[in-house]
Amino acid sequence: MRDKTAALAGTSDPATLIGRIIVYFVLIVAAVFFLIPFFVMIMTSIKSMNDIRTGYLISLPREITIEAWVKAWDSACTGINCEGMKNYFWNSVRMVIPSVIISTLIGAVNGYIFSKWRFKGSETFFSFLLLGCFIPFQVILLPMSQTLGLIGLGQSIYGLIFVHIVYGLPFTTLFFRNYYVTIPDEIIKAAKIDGAGFFRIFRKVILPVSLPIFVVAIIWQTTQIWNDFLFGVAFSGSDSQPITVALNNLVNTSTGVKEYNVDMAAAIIAGLPTLFVYIVAGKYFLRGLVAGAVKG
Amino acid sequence: MRIFKCVLFVLIIFSIFGCQGKGGPGEVEVLHWWTSGGEAASLAVLKQLLEAEGHTWKDFAVAGGGGDQAMTVLKSRAVAGNPPAAAQVKGPQIQLWGDEGVLTNLDDVAKAENWDAILPKVVADIMKYKGNYVAVPVNVHRINWMWCNPAVFEKAGATIPTTWEEFETACQKIQAAGLIPVAWGGQPWQEATVFETIVAGVSGTDFYKKTMVQADPAALESDTMVKVLNTLKMIKQYTDPGAPGRDWNLATAMVIKGEAGMQFMGDWAKGEFTAAGKTPDVDYVAAPAPGTAKQFLFNIDSFIMFKVAKKNEAAQKAMARLILQPKFQEVFNINKGSIPVRMGMSEEPFDAPARLAMKDFSESSRSGDLVPSMAHEMAVMPAIRGAIMDAVTNFYNSDMTAEAAAKQLATAVKAAM
Amino acid sequence: MDKSVNENTKSTLLKTGFFNRLETLLPKAVLFPTFAIAAIFIYGFIGWTTWISFTDSRLLPKYELAGFIQYITLFTKEPRWWVAVGNLFIFSILFISICIVIGLLLAIFLDQRIRGESFFRTIYLYPMALSFIVTGAAWRWILNPNLGLERLVQQLGFSEFTFRWLVDSHMAIYTIVIAAVWQSSGFVLALFLAGLRGIDPAIIKAAQVDGASLPRIYWRIIIPSLRPVFLSAVIILMHISIKSFDLVMVLTRGGPGYSTDMPATFMYAFSFNRGRLGFGAASAVIMFLAVMAIIIPYLYSELRGTRNER
Chain A
84 MRDKTAALAG
94 TSDPATLIGR
104 IIVYFVLIVA
114 AVFFLIPFFV
124 MIMTSIKSMN
134 DIRTGYLISL
144 PREITIEAWV
154 KAWDSACTGI
164 NCEGMKNYFW
174 NSVRMVIPSV
184 IISTLIGAVN
194 GYIFSKWRFK
204 GSETFFSFLL
214 LGCFIPFQVI
224 LLPMSQTLGL
234 IGLGQSIYGL
244 IFVHIVYGLP
254 FTTLFFRNYY
264 VTIPDEIIKA
274 AKIDGAGFFR
284 IFRKVILPVS
294 LPIFVVAIIW
304 QTTQIWNDFL
314 FGVAFSGSDS
324 QPITVALNNL
334 VNTSTGVKEY
344 NVDMAAAIIA
354 GLPTLFVYIV
364 AGKYFLRGLV
374 AGAVKG
Chain B
466 MRIFKCVLFV
476 LIIFSIFGCQ
486 GKGGPGEVEV
496 LHWWTSGGEA
506 ASLAVLKQLL
516 EAEGHTWKDF
526 AVAGGGGDQA
536 MTVLKSRAVA
546 GNPPAAAQVK
556 GPQIQLWGDE
566 GVLTNLDDVA
576 KAENWDAILP
586 KVVADIMKYK
596 GNYVAVPVNV
606 HRINWMWCNP
616 AVFEKAGATI
626 PTTWEEFETA
636 CQKIQAAGLI
646 PVAWGGQPWQ
656 EATVFETIVA
666 GVSGTDFYKK
676 TMVQADPAAL
686 ESDTMVKVLN
696 TLKMIKQYTD
706 PGAPGRDWNL
716 ATAMVIKGEA
726 GMQFMGDWAK
736 GEFTAAGKTP
746 DVDYVAAPAP
756 GTAKQFLFNI
766 DSFIMFKVAK
776 KNEAAQKAMA
786 RLILQPKFQE
796 VFNINKGSIP
806 VRMGMSEEPF
816 DAPARLAMKD
826 FSESSRSGDL
836 VPSMAHEMAV
846 MPAIRGAIMD
856 AVTNFYNSDM
866 TAEAAAKQLA
876 TAVKAAM
Chain C
76 MDKSVNENTK
86 STLLKTGFFN
96 RLETLLPKAV
106 LFPTFAIAAI
116 FIYGFIGWTT
126 WISFTDSRLL
136 PKYELAGFIQ
146 YITLFTKEPR
156 WWVAVGNLFI
166 FSILFISICI
176 VIGLLLAIFL
186 DQRIRGESFF
196 RTIYLYPMAL
206 SFIVTGAAWR
216 WILNPNLGLE
226 RLVQQLGFSE
236 FTFRWLVDSH
246 MAIYTIVIAA
256 VWQSSGFVLA
266 LFLAGLRGID
276 PAIIKAAQVD
286 GASLPRIYWR
296 IIIPSLRPVF
306 LSAVIILMHI
316 SIKSFDLVMV
326 LTRGGPGYST
336 DMPATFMYAF
346 SFNRGRLGFG
356 AASAVIMFLA
366 VMAIIIPYLY
376 SELRGTRNER
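Protein chains in written order, with my numbering: chain A, 84 to 379; chain B, 466 to 882; chain C, 76 to 385.
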């Protein structure tokens, strides 16, 4: 794949050189544009309140302090309790891990069926499932809480996990289905002739080649679920509120002295796990997209 | 033997739970949006009082949109059949929740504590659904304040205005001195706050009641309303270009820093001045907004109480009782900048603006100038409030004429009824 | 011995017969939970919302029907609705096209054997990882004339510089586009980059041998071959723009006035903040219908496409 660009870049005449300078210039300018908000957040989070009050919001700190970070994690008020974000952080972790694992696994099996075990009506069902991707979540708030109340999962972490699984399924199914479509049917047929059944083929033939698309699905789901506020605030109980609720309570409070440095530190803390996932797994993310998710 | 042990164990467990069912110490889950450091500290006093009686407090705080987010959560929990024991709900919305039949009757607490005597009738009426107490008031905020920085006025050679004509003169002088006359927070609720203050100040209490409480379409499109809207639009030229979207506390900071001369805001703004180490009547002056010296636009925070499991009823009633105890009333209201809703309390611990508010509160309740705030959800149903706010904010932020805006106001209110 | 072998094969045959039946049933059985979930939690809830939209529900849902009154009010008496609809059009068109242009351009540039490619890619992708609740405050500062960019540039000596879109009711919607593009164009870039990596280099070499210039190769050969990527990008971006809620709430809260209101925020405000649940539901139903009008033709062509492949 690399050959084509190698061939293009190989000729080293002045025109190409200028071309490359322009390319790098554009890339760097774009990178700066993408980094500005994050830069502002980091700078604000390491300023002291005094610095913020007297200076401007966009300016370099005069002294660097991690006070705000400590406070955001440990002692900021998110309600009547002033214990920072730490408890909420672990609530989120407890909620995200099972939701991501379950929704991804079900999505994988669903995708496997929709691509390799099609039956009459499966395509239609698939497209109806896809419409689920487009429902604005505000709409389903009330019927969902009614349902959760009926099945006894209201205001609990299990209810929240359940909701995330339900509305993650259309996406994960879509990813896996589009990926598995690219696996030749002949391999499945050969496995069937060898006597392998539904689950055996899935385990022995499909799963081993699924890593890239698992990465895509897991990244997508982790980001969506970790960053969700609406479900988190509406369906959680007072001891299972996720971190986005704590962040909201910090940032959206408009009475009293606003501690912008704490707000920003809290915002970055809330974003760190997903950021980490993107940076670490980013390479596989692209690989997964190359491998077939794009062909949707 | 083993089986016997198991049965015994189960029996013990059941007897423990059985005991809890009989109204001993219980738990209250409280949904509220008081999340800032000061507010949380004030509310923590209530929590301590409750815990001193052996009950537990389960906190469910949701900030954002002046309680909008919390209301969404409350609705979602109510339809799930799992509402909290107490929720911060105010004004006419208490009646809406009463209609749903989910609220608990607090009459026994009210009788024991003599609420009818210690609460002003205007307030008590809001807390009752069909004659029964279903909610507990916490505090009284006055909306029609104007917060001024005297240093700015001195520099500009202006005096703090008491009429809207004087207001315009003062603005011109401050602007000429190179400062911003009015610190403006351009969010719909803040614009509506100024708007209702002008309604009261320009056209008087009767017109206020007709438009902001009864939402009478004919009055809403009357010439008086056109005059009110023109006054509102007049202020715009005395604000700075950064105003749209600004949070109210940032606008207050402009007055504190001496960048701007005045701000229209409820008495919670005092907390910002106090936090910045400013003294009333020296560093800042809290005056009634022009033309509203005799009037009192009130905003009362309250908790509605939902029907809960038997074992938690005692805790819930204890919370209702404790909220109106003088001790909590004093600590909470000093912290919050509001005044006690309980009458006959000592003025001693309160500061000058609060004392003035307490005096005006009782005087206006006698003269009939005590009126509920529309912008702060005390006067009309949320649907109508939303319609009024839409029309006002759209008028303020566009090139629409006041006549057209008044017409739109009336149409929107009719559609929302 | 012979006998037992015989019996063995017999039982295997029986078994396979049974397993074959099971095999055809199994996928359906495994899919059933998903089917049930979709039926209740997607279509059941759409049905619920539709029902509510024909009632006079206020604070909480009521189930007595009241006819088309909510729809009539929505279309004839609510100027804010039309502002929201107009904004969605402006926003979607700009957001989708700018994201695609930036994403494609950066993807092509990144595909030129760039040093530190993964570094650049990570920078372009990170906004996607963060919720707008997190980054929104920073954007609000940057776009605010008193605090952000305008002040910064003025301090650098360009005292005439103004940048006041956020506070201008005619321009504020474009600041939402800027922030949205910032958040999503990295994802589009990743899609295009993946597409570019999947193109057979032999095609390009052949074109080069024919003496075609580089931009021409991209314009004539490579970009057209990315058609499926365009399609997925448009669908993903469209779902983001229809759902755009956090973006507006954090950046402008629909203001100045209600000039940056969108259908999603409109629906939320009326259903939950104003106790006009039926009215909010009516606006949600209109949103569904619009989504379906766009998505169903896409799905139709998509599924017909896969059928032809087989």
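Derived from the structure by calculation, the hints contain no laboratory data. Incorrect hints may have been included.
[What the hints assert, rightly or not] With a straight-line cut-off of 25 Å between C-alpha atoms, the simulated DSS-like cross-links for lysine-lysine are:
#1 B:Lys-523 x A:Lys-169
#2 B:Lys-523 x B:Lys-692
#3 A:Lys-275 x C:Lys-103
#4 B:Lys-824 x B:Lys-759
#5 B:Lys-772 x B:Lys-523
#6 B:Lys-595 x C:Lys-137
#7 C:Lys-137 x B:Lys-772
#8 B:Lys-674 x B:Lys-824
#9 A:Lys-203 x C:Lys-137
#10 B:Lys-872 x C:Lys-152
#11 A:Lys-287 x C:Lys-103
#12 B:Lys-523 x A:Lys-154
#13 B:Lys-675 x C:Lys-103
#14 B:Lys-776 x B:Lys-620
#15 B:Lys-824 x B:Lys-792
#16 B:Lys-674 x B:Lys-576
#17 B:Lys-692 x B:Lys-872
#18 B:Lys-595 x B:Lys-722
#19 C:Lys-137 x B:Lys-593
#20 B:Lys-776 x B:Lys-523
#21 A:Lys-272 x C:Lys-103
#22 B:Lys-620 x B:Lys-759
#23 B:Lys-879 x C:Lys-137
#24 B:Lys-879 x C:Lys-152
#25 B:Lys-638 x B:Lys-620
The hints, checked one at a time:
no.	hint	in the structure
1	B:Lys-523 x A:Lys-169	holds, 18 Å
2	B:Lys-523 x B:Lys-692	violated, 49 Å
3	A:Lys-275 x C:Lys-103	holds, 18 Å
4	B:Lys-824 x B:Lys-759	holds, 10 Å
5	B:Lys-772 x B:Lys-523	holds, 16 Å
6	B:Lys-595 x C:Lys-137	holds, 21 Å
7	C:Lys-137 x B:Lys-772	holds, 20 Å
8	B:Lys-674 x B:Lys-824	holds, 22 Å
9	A:Lys-203 x C:Lys-137	violated, 39 Å
10	B:Lys-872 x C:Lys-152	holds, 12 Å
11	A:Lys-287 x C:Lys-103	holds, 21 Å
12	B:Lys-523 x A:Lys-154	holds, 23 Å
13	B:Lys-675 x C:Lys-103	violated, 65 Å
14	B:Lys-776 x B:Lys-620	violated, 63 Å
15	B:Lys-824 x B:Lys-792	holds, 20 Å
16	B:Lys-674 x B:Lys-576	violated, 31 Å
17	B:Lys-692 x B:Lys-872	holds, 13 Å
18	B:Lys-595 x B:Lys-722	violated, 49 Å
19	C:Lys-137 x B:Lys-593	holds, 24 Å
20	B:Lys-776 x B:Lys-523	holds, 15 Å
21	A:Lys-272 x C:Lys-103	holds, 19 Å
22	B:Lys-620 x B:Lys-759	violated, 29 Å
23	B:Lys-879 x C:Lys-137	holds, 22 Å
24	B:Lys-879 x C:Lys-152	holds, 9 Å
25	B:Lys-638 x B:Lys-620	holds, 9 Å
Against the hints set out earlier in the document, violations occur for numbers 2, 9, 13, 14, 16, 18 and 22.
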